[in-house]
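*Asks:* Sequences and hints are given; from them, build the entire structure.
Read off the chains here:
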Amino acid sequence: MLSVRKLEVTYHRVVTAIQGVSLDVPKGKIVALLGSNGAGKTTTLRALSGFLGLDDARITEGSITYAGRELANQAPHRIARMGIALVPERNKVFDNLTVAENLRVPVGKGTLEAAIYEYFPALARLRSREAGLLSGGERQMLAIGSALMCAPQLLLVDELSLGLSPLMVHELVERLRAVRLALGTTMLLVEQNAQVALEIADYGYVMENGRVVLDGTPERLRSHEDIREFYLGIGGTARRSYREVKQYRRSRRWFG
Amino acid sequence: MSVPRASGYFRTSYREDQRLLDTRSQRSWFVVFALAMLGFPLLAGTFALDLANQVLLASIGAVALMLLTGYAGQISLGHAGLMAAGAFTAGILFKELAAPFWATVPASAAVGALLGLAFGLPSLRLRGLYLAVSTLALHFIVIYAGSEYETRRGFSTGVVIDSPIADARAWYYVLLAFAAAAVLVSLNLLRSRTGRAWRAIRARDTVAGALGIGVQGAKLSAFVISSALAALSGCLFAYYRGFVSAEAFSLYLTIQYVAMIIIGGMGSILGALLGSVFVVLFPYAIEAAMKSVGLAEQLSSLLFAVNYAAFGLVMILFLVLEPLGLVGIWRRVQDWLLLWPFRQKPL
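In the order they appear, the protein sequences are chains V and R.
Residue 62 in the working numbering is what sits at position 62 of the first sequence, and the numbering runs on without skipping anything.
In the working numbering, each number is its position in the second sequence, counted from 1, plus 1000.
Treat the hints as calculated values from the structure; they're not laboratory data.
All values reported here derive from a predicted model rather than from experimental measurement.
We put the CB at the ideal spot given by N, CA and C, even for glycine.
Treat the hints with care, as some may be off.
To be verified - Partial pick of chain R residues on the chain V-facing surface, computed with a CB cut under 10 Å:
no.: 1; residue: R1011
no.: 2; residue: R1199
no.: 3; residue: T1206
no.: 4; residue: V1207
no.: 5; residue: G1209
no.: 6; residue: L1211
no.: 7; residue: G1214
no.: 8; residue: G1267
*Replies:* Have a look at this one:
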């Protein structure tokens, strides 16, 4: 469904943020994009959703093909109208609108609204509340709900678990599973929390320093020594400084 | 969609959710208000009618600015210029083509819409202070063009227009109809997808884009509709005064309109209406206050200065102490009445 080939993104015409990134998101699957801070996950997501221009960045090489159409350097609202909806990392809801109004922003009338309340029952009792007064978890539900109101074929979710309690993250994962089951929505999750991402994904990619360094099924990734040590916190010789690991050990292992 | 202000109201359909008047009590109060508005000229004197007409004129302009700034989040310092454009369109069409009232009104709105489109274009790339400055240019260009027309055609003291309506009472009903139409159109727009898109781009234009809203189109539509409404208000002003002059549309007028939406309360049509009442009546209230304490004669030479100073002070006080404006105070009063004898809503 979505195919990214040898993607290169450059900021301010000189700084290369990602290079040679290739990934596939098959129809009906949930794909996770893992990586630490600064790995290039969000830049990849922005390239897919058309938001690179905001940061004076552009795609300088490679291609993004979605259902046979080229997406590179298209305007965000055009990409959204093609059936790709983005749930951003932060500032994801309209604080000055009520929950119901937030859900109706992308559409003329609330045709899917009732279905959204079924997936996220917590939103139903908050429908008249201004989104600015919602908790972090409620905002995340509303952001996903708003994106689903566009009836997307592909849902891009940036940092689903950011700032949320484990219980809330588990709840959201369950809701996304239910959405996929009911609507068959394809999803690309960008996550730092590998535990969460591998719990729900059918396939995963790991990014480091602007490149995809590893990919495979959740089982394969979970059993990989580096993923276990640096993302899942299992195994390894001793507890290391995360920064040291990032600067030295990990790069040595992955890049030789 | 209105937010329920108390418990016990249940909406079971999308239609009910979108209703402008939600409850029986709201509908009853609306009927009382409408009757009071319609009956006002029967009881009011000439001076009170003139004040009411000024308020109605101002309310159309304030609603126009509220749509653009209060809802779509686009700052404009060019609304006095747009009103001038509407007034001069009426004046020029009347003088040059002897155009009637029914032709000049839509023509003024069309000119306003075109200017809105042209001066909305910078909003696609500019924000905040930079956008404000670019809209200020509109003000100066229109005022310069109007002054040039006055000078070249020999109307050095202004363009005189014969109004088709002479009676202040008749004017009241005409202006009430235009103001009611402006409010109704605005409320309906705000309930539609266009209105939600404006409010969405005001809050977060990037998220709006991610949800398929054409941010540029939404910004331009806000500029066009708001400018058309402002120009319409200018056209009506010209007919009401029977006179068009560039001097009537100073930068102070822009500041007064910005004050109306700040004092009234951003993001609320009711706020625009309350703000226009407050700002129009404020100088008269100051004068009345000075008369009541016997200072009017001693300070007659300083009346304008006192007015300006008091106006500035009120603006600052509202910005610091009541950022939600008069509409914020009104909502607190409503809450207090609804909750009495309790003080807080339960969880």
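*Asks:* Which numbered conditions among the earlier hints are violated in the structure presented, ordered from lowest to highest?
*Replies:* none
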